[in-house]
Amino acid sequence: MTFTRVLLGIAGLAAASYGGWLLADFDAERLRELGVWFVAGPVLHDGVLAPIVVVSGVLAARLVPRRARTAVMGVAVVLGSLTLMAVPVLGRFGEKSGDPTLLDRDYTAGWLVFAAVVVSVAALDVGLRGRRSDGRSRRPAR
683 MTFTRVLLGI AGLAAASYGG WLLADFDAER LRELGVWFVA GPVLHDGVLA
733 PIVVVSGVLA ARLVPRRART AVMGVAVVLG SLTLMAVPVL GRFGEKSGDP
783 TLLDRDYTAG WLVFAAVVVS VAALDVGLRG RRSDGRSRRP AR
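This note's numbering puts the first residue of the sequence shown at 683, with every later residue one more than the last.
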């Protein structure tokens, strides 16, 4: 285990050194923009995203039936993560009229199809759990 940790530490130091070397070419404006991103990420996570997740968890615990809680929270985690990653393409940020190959498809439709599949799988899971927990034992009789 110690060898693995040392190896990972060396790899991490190498990656950080390379990143520092790349930063040496940045001008003051780019460094300021980078600083904004480094500060905005944790602030938005801790000030916005984390409270939303906590409140939704409390609401789910009170409003969602016990057998559906796992599926509902799974849907929230999967769709929440995907949505955060897809914000740039869903909002079509970076779209340029001179280059039709950028953002060349309907990402909103793709997100909706994915969301429908995730919700359907979760509903199927809840339905199967309900069927199993209707009083019948999962173990065969002896």
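Treat the hints with care, since some could be wrong.
Stated by the list, open to error - With beta-carbon atoms standing in for the labels, derived distance ranges:
1) I734 - A791: 56 to 64 Å
2) V760 - V725: 48 to 56 Å
3) G792 - L695: 19 to 27 Å
4) G792 - P733: 41 to 49 Å
5) A791 - L695: 43 to 51 Å
6) G723 - A805: 18 to 26 Å
7) W703 - A743: 46 to 54 Å
8) A743 - G780: 26 to 34 Å
9) A722 - R811: 21 to 29 Å
10) P770 - F720: 39 to 47 Å
11) V721 - A805: 17 to 25 Å
Treat the hints as calculated values from the structure; they're not laboratory data. Every residue gets a Cβ at the ideal spot worked out from N, C-alpha and C, and that includes glycine.
So, going through the hints one by one against the coordinates:
The hint said 56 to 64 Å for the Cβ distance between I734 and A791, and at roughly 26 Å that hint is violated. Distance hint for V760 and V725: a CB-CB separation of about 25 Å, inconsistent with the stated range 48 to 56 Å. Separation of G792 from L695 is about 39 Å and departs from the stated range, judged on CB atoms against 19 to 27 Å. Look at G792 against P733: about 29 Å separates their beta carbons, and that is not inside 41 to 49 Å.
Checking the proposed 43 to 51 Å range against A791 and L695 shows it holds: the Cβ atoms sit about 44 Å from each other. At roughly 34 Å, the beta carbons of G723 and A805 sit outside the given window of 18 to 26 Å. At roughly 48 Å, the beta-carbon separation of W703 and A743 lies within the given 46 to 54 Å, and the hint holds. One distance hint, 26 to 34 Å for the beta-carbon pair A743 and G780, is violated here, with the actual separation near 51 Å.
Judged by the Cβ atoms, the range 21 to 29 Å given for A722 and R811 is violated: they are separated by roughly 40 Å. Our hint of 39 to 47 Å for P770 and F720 is violated, since their Cβ atoms are close to 18 Å apart. With their beta carbons about 40 Å apart, V721 and A805 fall outside the hinted range of 17 to 25 Å.
Violated hints, listed in ascending order, are 1, 2, 3, 4, 6, 8, 9, 10, 11; each of the other numbered hints is respected by the structure.
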